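Novice: Residue numbers (numbering that gives the first Met the number 0), protein chains in the order written: chain A, 0 to 364; chain B, 0 to 368.
Hints should not be assumed to be uniformly reliable.
[Said to hold, decoys possible] The list that follows gives simulated cross-link-like pairs (lysine to any residue, SDA-like), each with its CA atoms no further than 20 Å apart:
{"#": "1", "chain 1": "B", "residue 1": "K329", "chain 2": "A", "residue 2": "L122"}
{"#": "2", "chain 1": "B", "residue 1": "K166", "chain 2": "A", "residue 2": "F243"}
{"#": "3", "chain 1": "A", "residue 1": "K333", "chain 2": "B", "residue 2": "D353"}
{"#": "4", "chain 1": "A", "residue 1": "K295", "chain 2": "A", "residue 2": "S239"}
{"#": "5", "chain 1": "A", "residue 1": "K120", "chain 2": "B", "residue 2": "S325"}
{"#": "6", "chain 1": "A", "residue 1": "K218", "chain 2": "B", "residue 2": "A337"}
{"#": "7", "chain 1": "B", "residue 1": "K329", "chain 2": "A", "residue 2": "S136"}
{"#": "8", "chain 1": "A", "residue 1": "K218", "chain 2": "B", "residue 2": "K271"}
{"#": "9", "chain 1": "A", "residue 1": "K341", "chain 2": "B", "residue 2": "R177"}
{"#": "10", "chain 1": "B", "residue 1": "K118", "chain 2": "B", "residue 2": "E174"}
{"#": "11", "chain 1": "A", "residue 1": "K168", "chain 2": "B", "residue 2": "A337"}
{"#": "12", "chain 1": "B", "residue 1": "K271", "chain 2": "B", "residue 2": "D248"}
{"#": "13", "chain 1": "A", "residue 1": "K4", "chain 2": "A", "residue 2": "G57"}
[Stated by the list, open to error] Derived CB-CB ranges, DEER-like:
{"#": "14", "chain 1": "A", "residue 1": "E210", "chain 2": "B", "residue 2": "M89", "range": "23 to 31 Å"}
{"#": "15", "chain 1": "A", "residue 1": "S264", "chain 2": "B", "residue 2": "N231", "range": "40 to 48 Å"}
{"#": "16", "chain 1": "A", "residue 1": "G255", "chain 2": "B", "residue 2": "K272", "range": "16 to 24 Å"}
{"#": "17", "chain 1": "B", "residue 1": "F12", "chain 2": "A", "residue 2": "T88", "range": "28 to 36 Å"}
{"#": "18", "chain 1": "A", "residue 1": "M69", "chain 2": "B", "residue 2": "I119", "range": "52 to 60 Å"}
{"#": "19", "chain 1": "B", "residue 1": "G361", "chain 2": "A", "residue 2": "G255", "range": "56 to 64 Å"}
{"#": "20", "chain 1": "A", "residue 1": "E160", "chain 2": "B", "residue 2": "K272", "range": "44 to 52 Å"}
{"#": "21", "chain 1": "B", "residue 1": "I119", "chain 2": "A", "residue 2": "D14", "range": "53 to 61 Å"}
{"#": "22", "chain 1": "B", "residue 1": "R129", "chain 2": "A", "residue 2": "E210", "range": "19 to 27 Å"}
{"#": "23", "chain 1": "A", "residue 1": "K278", "chain 2": "B", "residue 2": "R299", "range": "31 to 39 Å"}
It should be emphasised that the hints constitute simulated quantities derived from the structure, not laboratory data. The structure presented is a predicted model; accordingly, all values stated were derived computationally and were not measured. All residues carry an ideal CB built from backbone N, CA and C; glycine is no exception.
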Amino acid sequence: MADVKLSSITKSFGDITAVDDMSLDIKNKEFFVLLGPTGAGKTTTLRIISGLEKQDKGDVFLDGQNVNDMGPALRDVAFVFQYYTLYPTFTVRQNLEFPLKSRMRNLPQDEINNRVDQVSKVLNIEELLDRSTLNLSGGEMQRVAIGRAIVRTPRVFLMDEPLSNLDAKLREEMRVELARIHLELEETFIYVTHDQIEAMTMADRIGVLNEGRILQIGKPDDIYERPACVFVARFVGSPSINTFEAVIDKDKLVIGDKDMICCLSREQCRSLEKINKKKIIFGIRPEDIEVTRDEKDDNSIRSEVYFSQSMGAEDILNLSISRDILLRAISPPKILIKTGEKVFANINMDRAHLFDADTENRIKC
Amino acid sequence: MAEILLKEITKRFEKTIAVNDLNMKISDREFLVLLGPSGCGKTTTLRCISGLEVPDEGRIYIDGVDVTTKRASQRDIAFVFQLYALYPHMNVYNNIAFPLVTQRVPKQKVKEEVDRAVKILRIGHILKKRPRELAGGDQQRVALGRALVRRPKAFLLDEPIGTLDAKFREEMRAELKRLHVDIGATTVYVTHDQVEAMSMGDRIAIMNLGVLQQVGTPTQVYRNPNNLFVANFIGSPGMNFVKCLVHKDGAGKVLVNVVSVDQSLEVSDKLKKILIDKGFIDKEIILGVRPEDVILSLSRKEGYIDTSVYVVEATGSYNIIDVILSRKEKLRVRTSSAVEPAVNERVYLNFDMDRITIFDPGTENSIME
Numbered sequence: 000m001a002d003v004k005l006s007s008i009t010k011s012f013g014d015i016t017a018v019d020d021m022s023l024d025i026k027n028k029e030f031f032v033l034l035g036p037t038g039a040g041k042t043t044t045l046r047i048i049s050g051l052e053k054q055d056k057g058d059v060f061l062d063g064q065n066v067n068d069m070g071p072a073l074r075d076v077a078f079v080f081q082y083y084t085l086y087p088t089f090t091v092r093q094n095l096e097f098p099l100k101s102r103m104r105n106l107p108q109d110e111i112n113n114r115v116d117q118v119s120k121v122l123n124i125e126e127l128l129d130r131s132t133l134n135l136s137g138g139e140m141q142r143v144a145i146g147r148a149i150v151r152t153p154r155v156f157l158m159d160e161p162l163s164n165l166d167a168k169l170r171e172e173m174r175v176e177l178a179r180i181h182l183e184l185e186e187t188f189i190y191v192t193h194d195q196i197e198a199m200t201m202a203d204r205i206g207v208l209n210e211g212r213i214l215q216i217g218k219p220d221d222i223y224e225r226p227a228c229v230f231v232a233r234f235v236g237s238p239s240i241n242t243f244e245a246v247i248d249k250d251k252l253v254i255g256d257k258d259m260i261c262c263l264s265r266e267q268c269r270s271l272e273k274i275n276k277k278k279i280i281f282g283i284r285p286e287d288i289e290v291t292r293d294e295k296d297d298n299s300i301r302s303e304v305y306f307s308q309s310m311g312a313e314d315i316l317n318l319s320i321s322r323d324i325l326l327r328a329i330s331p332p333k334i335l336i337k338t339g340e341k342v343f344a345n346i347n348m349d350r351a352h353l354f355d356a357d358t359e360n361r362i363k364c
Numbered sequence: 000m001a002e003i004l005l006k007e008i009t010k011r012f013e014k015t016i017a018v019n020d021l022n023m024k025i026s027d028r029e030f031l032v033l034l035g036p037s038g039c040g041k042t043t044t045l046r047c048i049s050g051l052e053v054p055d056e057g058r059i060y061i062d063g064v065d066v067t068t069k070r071a072s073q074r075d076i077a078f079v080f081q082l083y084a085l086y087p088h089m090n091v092y093n094n095i096a097f098p099l100v101t102q103r104v105p106k107q108k109v110k111e112e113v114d115r116a117v118k119i120l121r122i123g124h125i126l127k128k129r130p131r132e133l134a135g136g137d138q139q140r141v142a143l144g145r146a147l148v149r150r151p152k153a154f155l156l157d158e159p160i161g162t163l164d165a166k167f168r169e170e171m172r173a174e175l176k177r178l179h180v181d182i183g184a185t186t187v188y189v190t191h192d193q194v195e196a197m198s199m200g201d202r203i204a205i206m207n208l209g210v211l212q213q214v215g216t217p218t219q220v221y222r223n224p225n226n227l228f229v230a231n232f233i234g235s236p237g238m239n240f241v242k243c244l245v246h247k248d249g250a251g252k253v254l255v256n257v258v259s260v261d262q263s264l265e266v267s268d269k270l271k272k273i274l275i276d277k278g279f280i281d282k283e284i285i286l287g288v289r290p291e292d293v294i295l296s297l298s299r300k301e302g303y304i305d306t307s308v309y310v311v312e313a314t315g316s317y318n319i320i321d322v323i324l325s326r327k328e329k330l331r332v333r334t335s336s337a338v339e340p341a342v343n344e345r346v347y348l349n350f351d352m353d354r355i356t357i358f359d360p361g362t363e364n365s366i367m368e
């Protein structure tokens, strides 16, 4: 158990700045996810925390202690690898004992047994101890893999895309299992991924990274509902948010060559007046657009279904407003709307996201 | 433009039967997805269509012409592997023009064809750039442009976006679907990713161990899977499967008893008829229910199953709630993002009986039709 603090960390590889003046405060017992595209600097950050990589500038603290000069072994952090790195010829018990049997530790067998029993109780794998790892389900293997890390009683668990090589079904199962294990263990987890759904569904808090910088830190709900900038808005959520450049004309948002006009709420108008911007970026999530055959109000936009994508539980309707403007909307599959059909896209302006066109930062409304 | 007909195709590699007696018609202008796990025979099927493999048995027709023994180059179809491979030293225009230039097409004609592809792909602003100066999405578009200028009869694509980041894959799914809508060429697309299949295919052909399991529109395979394999492969989060015992009570009602919790739920009239007609009274069944068709109540309700919450997964636009049915059995429920029970809280479940699928545990086939 530990809190982790990074203070103004910078790390370069040749000309490339992988991590750029990053500060992070990860709380004790937190499930913290570093989320970003390939090359964002998330793995480098994780390696700096572990001690496998040394930062050029800045400090790393574990439980308030500066660990800059400590090697990976002394930091007492555990990398949890993918579950299939278990030893197949060993039983579950032997797999769990393995890290404790190193000569360096020189632990008596009683002590080893005690720890294994304790850990298997916490992880609910007591019944599996004498089984071979070959016959375990995916969820059980994940528990054993984490068990092997826990017996060492590390202060922090580090995970680098542990689910990325699994097939879709197993990945779903593992997501649930990891979230649950974290609840039961009450340990600090730091988890790296490029998959926003993993971040959204498991994290207590998410740090969104791009090009070595932290763009936003917050609870999944905050990141989704109040993205700090256009990049975060686009990166989180699937299907992605719709974004358009728009011009403010009194209480109206004008997009394209008057292809799409939306009415702003009074609060939105007031916020825009305050910062005195005429050009903004307008964002609206696909689930905040309702598709109907009849016109509802001023924010019903005439459109045509260009093509639709079935997702099973819902359809993504790609609506063409004009030649250049496509709008993604989610609709329940029970409403059978066909390609080519003329429909109205009803924009829920209360849920609109407005961003400064120059800085791409969120405009608070 | 082309119609592709596969008749009784079998292909073996030594002792393995990669494709086993496959029959399929791919209509002109259709986007057909071959979907299945690795080793199911989907890529072998695609290679047979392309001419890179010759089937051991059966015939392949393109637009009514038997092409079974014709070479790949004589079939006039474009095989797009990973969408990446571009010539790094050529600019975008020359990369796209390349297949025509090597065929010694007159300059004016080359320009016309490239212009057409550029317009479809909306990449007019990057023609002078080199591949390494392009964002990933633009690189993909250029690679597609190179296939487009040949005006092939059909496009064959083998997991073209499988190795990309999740976010980028989502963009490319919409991009490829849009492209297909715009040019309407027959397309056969191979993937193991059911999301790609659902979101792009006009129809999906699901294969397993060389055998075709089902062909249908995304809605058909999602709502009416033929068997457990299809039901399990399609959908994310996946379908729940619950072992039940069918019985009839004194009043003539038909109920399914959820074995692991020994609780009974009444079925709809339509299901009642099917269960009686097919002789499943007092027999075991597997009840398949999609996460969005599980009804979840936060308060106790008559006739609902009593369960507790294992994990709540909030995705932003909806929630997935995992509940514990019994020690070994969990169910996934999809709800609106407003439903947020606490972990370990009691919740009460029922199934939308008009939207469940029932499988015979012996044959693993659906008994719904």
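Novice: None of the hints should be skipped; say for each whether it holds.
Specialist: Hints versus structure:
no. : hint                        : result
1   : B:K329 x A:L122             : holds (17 Å)
2   : B:K166 x A:F243             : holds (19 Å)
3   : A:K333 x B:D353             : holds (13 Å)
4   : A:K295 x A:S239             : violated (25 Å)
5   : A:K120 x B:S325             : holds (19 Å)
6   : A:K218 x B:A337             : holds (16 Å)
7   : B:K329 x A:S136             : holds (14 Å)
8   : A:K218 x B:K271             : violated (47 Å)
9   : A:K341 x B:R177             : holds (18 Å)
10  : B:K118 x B:E174             : holds (14 Å)
11  : A:K168 x B:A337             : violated (25 Å)
12  : B:K271 x B:D248             : holds (12 Å)
13  : A:K4 x A:G57                : holds (11 Å)
14  : A:E210 x B:M89: 23 to 31 Å  : holds (28 Å)
15  : A:S264 x B:N231: 40 to 48 Å : holds (46 Å)
16  : A:G255 x B:K272: 16 to 24 Å : violated (54 Å)
17  : B:F12 x A:T88: 28 to 36 Å   : holds (31 Å)
18  : A:M69 x B:I119: 52 to 60 Å  : holds (58 Å)
19  : B:G361 x A:G255: 56 to 64 Å : holds (59 Å)
20  : A:E160 x B:K272: 44 to 52 Å : holds (50 Å)
21  : B:I119 x A:D14: 53 to 61 Å  : violated (38 Å)
22  : B:R129 x A:E210: 19 to 27 Å : holds (22 Å)
23  : A:K278 x B:R299: 31 to 39 Å : violated (55 Å)
Comparing the model with each earlier hint shows violations of hints 4, 8, 11, 16, 21 and 23; every other hint is respected.
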